[in-house]
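2 protein chains.
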Amino acid sequence: MKEVKGGICAVKGVKAWGIKEGKMGLAIMLAKGPAAGVFTLNKVKAAPVLVSQDHLKKMGKEFNGIIANSGCANAFTHEQGVKDAIAMANLLAKKLNVDPHTIGVSSTGVIGRPMDMPWYIDHFEEVFSKLTSKAEGSEMANKAIMTTDLVPKSYAVEIEGGIRIGGICKGSGMIEPNMGTMLAFVFTDAKIGRAQLQKCLQKAVDRSFNMVVVDGDTSTNDNLFLIATGEAGKPADMKKFQEGLDTVCMELAKKVARDGEGATKLIEATVTGAKSIEDARLAAKAIIRSPLFKSAVYGTDPNWGRAVCAVGYSGSEIDPAKVSLIFSDGKSKVSLVDAGVPKSDEKTLAKAKKIMGNDTLYVTVELKLGKSSATAWGCDLTHKYVDINASYTT
Amino acid sequence: MKEVKGGICAVKGVKAWGIKEGKMGLAIMLAKGPAAGVFTLNKVKAAPVLVSQDHLKKMGKEFNGIIANSGCANAFTHEQGVKDAIAMANLLAKKLNVDPHTIGVSSTGVIGRPMDMPWYIDHFEEVFSKLTSKAEGSEMANKAIMTTDLVPKSYAVEIEGGIRIGGICKGSGMIEPNMGTMLAFVFTDAKIGRAQLQKCLQKAVDRSFNMVVVDGDTSTNDNLFLIATGEAGKPADMKKFQEGLDTVCMELAKKVARDGEGATKLIEATVTGAKSIEDARLAAKAIIRSPLFKSAVYGTDPNWGRAVCAVGYSGSEIDPAKVSLIFSDGKSKVSLVDAGVPKSDEKTLAKAKKIMGNDTLYVTVELKLGKSSATAWGCDLTHKYVDINASYTT
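Going line by line, the protein sequences match chains A and B.
With the working numbering, letter number 38 in the first sequence gets 38, and the count goes up by one each step, no holes.
With the working numbering, letter number 141 in the second sequence gets 1141, and the count goes up by one each step, no holes.
Rather than coming from a laboratory, the hints here were simulated on the basis of the structure.
Worth double-checking, as some hints may not be accurate.
Among the chain B residues that face chain A by a calculated CB cut under 10 angstroms, a handful are [stated by the list, open to error]:
no. : residue
1   : Thr1040
2   : Asn1097
3   : His1101
4   : Ile1111
5   : Met1174
6   : Leu1292
7   : Val1297
8   : Tyr1298
9   : Trp1304
10  : Arg1306
11  : Tyr1313
The beta carbon of each residue, even a glycine, is placed where N, CA and C say it ideally should be.
My request is simple: use the sequences and hints to build the entire structure.
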C-alpha cells in the first residue's frame, strides 16, 4: 500500500468540482457504482440524512453521484427541509437523466435555518460544467464543503493490483461522530458488491471516524458515503482492501482531529490491555473528550491526573493499582504512572511538559486487564474554540 | 420554609473553622449524630473517598465530624495516599478522643501528587482551637476548601418546628457529579435515623448535585456528607424535611454551576413531557453539557439549533415534529421552535439574542411524549475556563 495524490480524483471513474463563496458552497461528485453509507445516530437527523438513507435503500444496484452543500445544515427545518433536500438530489438527477434515488445529498452549516435554494440553483450549472477527473476537481469539491475547517482534508492510497481508495471530508466542530462524521466522501475503483462494501465501511468507520472527538457534540448531519466504481477490477485480497480503506478513513479522521476548531495540537490516546474492545474505546475516547485534559494539553500543563480521572469515569473496567501512563511526542517518552505508582517528581513533570510542547501528544494507558486495545484522536481546547463558537451565526 | 443565615453554623450542634493560605487549606467541622454520605462513581476514587466510605460503614451509631483539605486531591496516590487520609482522620479523632471511624475525610486539589502532611499537621492546632458555632466558623471552613472557586457557597433553611438544614460546598471545575459533588457538607439539627437520612440524601442529590455539569468531567473526589445532630428534635412532617433538604442541595448546586470555572452566566435547562424521568434528565443534562451551546451562550449567539441537537444525541426519546423550545431570562421569553416548526426570522433571533444577554438563561424543551420533567444547571464556556485549566498545576 502506498499513498497517492489526487484525493477522490485519484480513483478511476470519479469526477468532481465545487465552488465556495463566503459561507456558501456547492460540490458535485460523480461516480457510478455500488454505494455504502453510514449516518449520524443523533435522533434529530438533518433532512439530507433522511433523504440519503431513503435513497440508499431504494437506489437499485448503483449510485450515480453526490451533491453536497455548505452554508446550511438543513437540519430541524421541518417539512420544507425534506422538500429542499429532495430538490437538491433532483437537480443533479435531472441533469444526468437518472433516477433521483441514485443521488446522495449532504449538507453542513447552521441548524434550524432554511436552505437558500436560489443560491444553490444559480450555481449548479457552473459547478456541473467544470466537473473533472483531474486532481483539481477533488480540491475544489473539498473546499466547497468546508465551514470552520481551516484546511481541506483528503487522503488516497493505492493497494496491490492498482486499486485505489480516496476520500475527502470536512469537520472541525460538533465532532463526536457516531456511525459517520460530518460529511466524508470516499471512493474506490475496486469492483465490490454493495453488501460487502457496507461491511467494509462499517469496520473502517468504527476504528477511524467513530474514534474522533473534538467537542463531544454528535452532529445532526454526520454522513460518510463510499462508492465503488469498479474500474480497476476485483481486489485480489479483501484483507488488503480493508487495510487500505482503514488507512484512508483513519488518516481523514486524524485530519479532522488536528483541524478541530481552534486546535493547536493533535492528541492520540491509545489504551492497551483492556478487558474488551468496547472498554478500550470508552477509555481512549474519555481521555480525548475531557475538557480539562484538553485544556492542560493546550497550556502544556503536565496535569496527567486528569487523563487517569477520565479513564476512571469512562465506564471501562480499571484497576488503579495496575495502570501505567506514558506521554510521548513520537520521539522521546516519559512514564508518569508505573503499575499504579505515580511519578510526580519535578524532573518527571519537567520532561512531560517538554514533550507536551510539540504539535502531537501520544498518550498511552496500559490497563493490564486483558488483550484489547483502541486508539482515539482529539485536539486541545483553546481560546480560539470559544471564539469560533461564541459567534458562529452572528 | 425560610432561608436563614449562618451556613452550616445555623444548625444547632455544629462547630466549624478553617484556614486558607495560597492553594493550601484545612477545615474542621464538628457535629455529633447519624451520618449519611454519597460519593463519586468514578472508578478511580481518591484515598479520602475510600477511607470515608469505610468509616461510614464501620462508624457505629454516630459520626463526630469531618476534616477536609484543599491543595491536594490525594487521588491516584497509591498506598501512601490511603495512609495519609487515615492520618488526617486520626489527627481529629485523637484530639476528640473518639474512634477514628467516626470521622469523615475529604480532599480537593491536584490529582497524582502526594499530601504535604507537615503543612496540615502544622495548621491543625490553630484550626481546632478556633472552632466556633458562630456564622464566621461556617465562612472560614467554606473558604478553606475552595480551589478555583471564586465565591464560597453556602445555604441554610429553617422548616417548621425550628428545624434547620445548612450546607457548604466547593466545586467549579471537573464537575459532572455522579452521586455526590466536589466536597459538599450538609448538616441538620433534625433528629433522624441513619437509614432514613441516607434515603433523604440520595433523593435530594438526584435532583440537585447530580443535575449540575460544568465540564462533564466526573471528579475522583466527589463527596457529600450529611450529619444530623438531632438537637432540634424530630421533624413533624418528613415531606417538609425532604423539601428543605432538596432546597439546600439545589441552591448549593446552582451556586456551583454559576461559579463554574470561568463562567459568566448560569444556564438552567428544563425538559418537560419526557417519557421517563431518566429521559428528562438525559436531555436536560445534554443541553447544559454541550460545549457548542455553552460557547454560544457566552457569545449571546442565538444558535438554538445546538440545544435541539444535544437533545437529539442525549439518548432520550424525541420526536422532532413535537418539540418546542423556549428561551427566557426570567422576565421575558421567546419561542424558537413550536411543535417542530422552527422560527428563525430576524425579529425572533434578535429577541433571543437580547434574552441571552442577561446573567441567567432559562431553556425549556417540551418533548410532549409523556409526563416526566427534570431541570439541570450549567454555565457558559468562556476564554477564562481555558485560561484556568491550561495552567492549573504550573
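Here is how each hint holds up against the structure:
Contact between Thr1040 (chain B) and chain A, as hinted, is supported at the beta carbon level, the nearest pair being about 8 angstroms apart and thus within 10 angstroms. A cut of 10 angstroms between beta carbons decides the hint on Asn1097 (chain B): the least distance to chain A is about 34 angstroms, and the hint is violated. Interface restraint check: His1101 (chain B) against chain A, minimum CB-CB distance 23 angstroms, threshold 10 angstroms, status violated. Look at Ile1111 (chain B): its Cβ gets to within about 2 angstroms of chain A, closer than 10 angstroms, so that hint holds up.
Among the interface hints, the one on Met1174 (chain B) holds; its C-beta lies about 6 angstroms from the nearest C-beta in chain A, closer than the 10 angstroms criterion. A hinted interface residue such as Leu1292 (chain B) counts as satisfied when its beta carbon comes closer than 10 angstroms to some beta carbon of chain A; here the least separation is about 5 angstroms, so the hint holds. Hint status for Val1297 (chain B) relative to chain A: holds, with the closest Cβ pair at about 9 angstroms, below 10 angstroms. The closest approach between the C-beta of Tyr1298 (chain B) and any C-beta of chain A is roughly 5 angstroms, which is under the 10 angstroms cut-off, so the hint is satisfied.
For the restraint placing Trp1304 (chain B) at the interface with chain A, the shortest Cβ-Cβ distance is roughly 6 angstroms, inside the 10 angstroms limit, so the hint holds. At about 7 angstroms, the closest approach between the beta carbon of Arg1306 (chain B) and any beta carbon in chain A falls short of 10 angstroms, and the interface hint on this residue holds. Interface hint status for Tyr1313 (chain B): upheld, as the beta-carbon distance to the closest one in chain A is roughly 4 angstroms, under 10 angstroms.
Of the numbered hints given earlier, the model fails hints 2, 3; all others are met.
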